[in-house]
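Chains as they are written, first to last, in the numbering used here: chain E, 168 to 291; chain L, 168 to 291; chain G, 168 to 291; chain P, 168 to 291.
Accuracy of the hints is not assured; some may be wrong.
As the list makes no split between identical chains, a pair holds if one copy fits it or if it spans any two.
[Claimed, not checked] Computed list of lysine to aspartate or glutamate pairs in EDC-like fashion (alpha-carbon distance at most 16 Å, straight line): (1) Lys232 to Asp176; (2) Lys172 to Asp278; (3) Lys209 to Asp236; (4) Lys209 to Glu171; (5) Lys232 to Asp258; (6) Lys172 to Asp277.
Since the hints were derived computationally from the structure, they do not count as laboratory data.
4 protein chains.
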Amino acid sequence: MDREKAASDRFACTERERCIFETGIKLATIYHQYVGTPFNRKSVSSLEEAISRSIEVQPYVVSAKVSIDRSVIPDDVDEYSYLSLTGDMIDAVVKVSMGSTTVTAEMRYDDELRYPLMFVSKIE
Amino acid sequence: MDREKAASDRFACTERERCIFETGIKLATIYHQYVGTPFNRKSVSSLEEAISRSIEVQPYVVSAKVSIDRSVIPDDVDEYSYLSLTGDMIDAVVKVSMGSTTVTAEMRYDDELRYPLMFVSKIE
Amino acid sequence: MDREKAASDRFACTERERCIFETGIKLATIYHQYVGTPFNRKSVSSLEEAISRSIEVQPYVVSAKVSIDRSVIPDDVDEYSYLSLTGDMIDAVVKVSMGSTTVTAEMRYDDELRYPLMFVSKIE
Amino acid sequence: MDREKAASDRFACTERERCIFETGIKLATIYHQYVGTPFNRKSVSSLEEAISRSIEVQPYVVSAKVSIDRSVIPDDVDEYSYLSLTGDMIDAVVKVSMGSTTVTAEMRYDDELRYPLMFVSKIE
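Chain E on its own, in the form it takes in the complex:
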């Protein structure tokens, strides 16, 4: 069975529109799966890597780059010197490609909005 064809038949929109839809899914996956995860200065790279890879296994994802703000991580002075991940600390760029369309969407704390905004930054 061709699952990609079958899935495609469920959509009441163009391929370009579906590609945009998929980027929204991916950014919210990053936020709602990982917010709350404990990390510190030593484990932050392993967390970034795991987030990126868990997004890249999903359908039609070309790449997912995730950076966590290191400036807020406390020094390792006692047992409580670690953080829980919040949306404000995440900077993510996800590219999804279907047919001839590639959509780039980003999540980034927006200083003006005071909000970790998810937005479509490029369609090619």
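Start from chain E and add chains L, G and P according to the hints.
This is chains L, G and P only, laid out in the frame that chain E set:
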């Protein structure tokens, strides 16, 4: 400050396309925030209600209807008679509206795909 | 099959100690399942209720009271007037009972520690 | 300020009992933070590593070993060839040490219980 205008300026796409993007965010929020939640026959309505309402507080959401499959819930016979929510048990319909566009997107276990598919079902 | 007896046989500790262990599980469930959930002034009660009930369905739980700090919720002025739940906003009291032991454990933001501490507050 | 001393003062139990409580917290963190995470055959090691490390940054943890059942991962044949993590796939062993006590607790799918049981397996 007009945060809605400021947010809008970050998008490199049409309002219709942004509306589609927002529905993707909402469906993935349902999945990745709530999968793993313990529930039983008595608490399932309260969980559905909380999921719906947490989606409806988000930007531009008109409605979010969530049903959890009751057929898989075990009878209450011992301390272990409850379930953890999985994606396969969720049926969700989310409507997002911006300007003159309303997009309906759904998440539903697809028997043919054997996969809880998220898809755009209507654009008006 | 007696699943409660079978589960009990897996534990290399006393019933009192197991009861303490179970309270740790319940508090971390609250934190890691729900941190990141969107809510506003209107939906906060429904979220508290769903959290409490999802804990109460779990083995040996007598009660789970959850309060979310309303003082940090912004007024409803635009589409972005909502919050994502963080550990600092949660105040929880969980009671677990096995045999003749009841253990009360709590999670609460501790001003001195600047940390949402989970602790055992009473054993009876 | 001595946060370790201050935290300790909040507990109405012995150090040994607190140590048991902390292992319950850690196992539930694994379950409720990560259940729902997408992974495939290529990314599974990176996910195991990230889970282990996020537990090891938490207070008083000596080690956290996490294995995800590879036997259920589908072959990579199409865009939908990946899984979402469930509790049944996780095998975890966490050691927490305070003063002279070390507690080992485990989470493992129990065939007899048909349930991913968390239990205390050793106190030394």
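Each hint, compared with the structure:
In the homo-oligomer, the alpha carbons of Lys232 and Asp176 never lie at most 16 Å apart, since the shortest distance is 30 Å inside one protomer and 23 Å across protomers. In this assembly of identical chains, the alpha carbons of Lys172 and Asp278 lie at most 16 Å apart only when taken from different copies (14 Å versus 42 Å within one copy). For the identical chains of this complex, Lys209 and Asp236 are intra-copy neighbours only, at 13 Å inside a copy versus 27 Å across copies, given an alpha-carbon limit of 16 Å. Proximity of Lys209 to Glu171 under the C-alpha cut-off of 16 Å is found in neither arrangement, the shortest distances being 40 Å within a copy and 21 Å between copies.
For the homomeric pair Lys232 and Asp258, the shortest alpha-carbon distance inside one copy (8 Å) is at most 16 Å, but the shortest distance between copies (29 Å) is not. In this homomeric assembly, Lys172 and Asp277 come within 16 Å of each other (Cα to Cα) only across copies, at 13 Å, whereas the closest approach inside a single copy is 38 Å.
Consistency with the previously given hints fails for numbers 1 and 4, ordered from lowest to highest.
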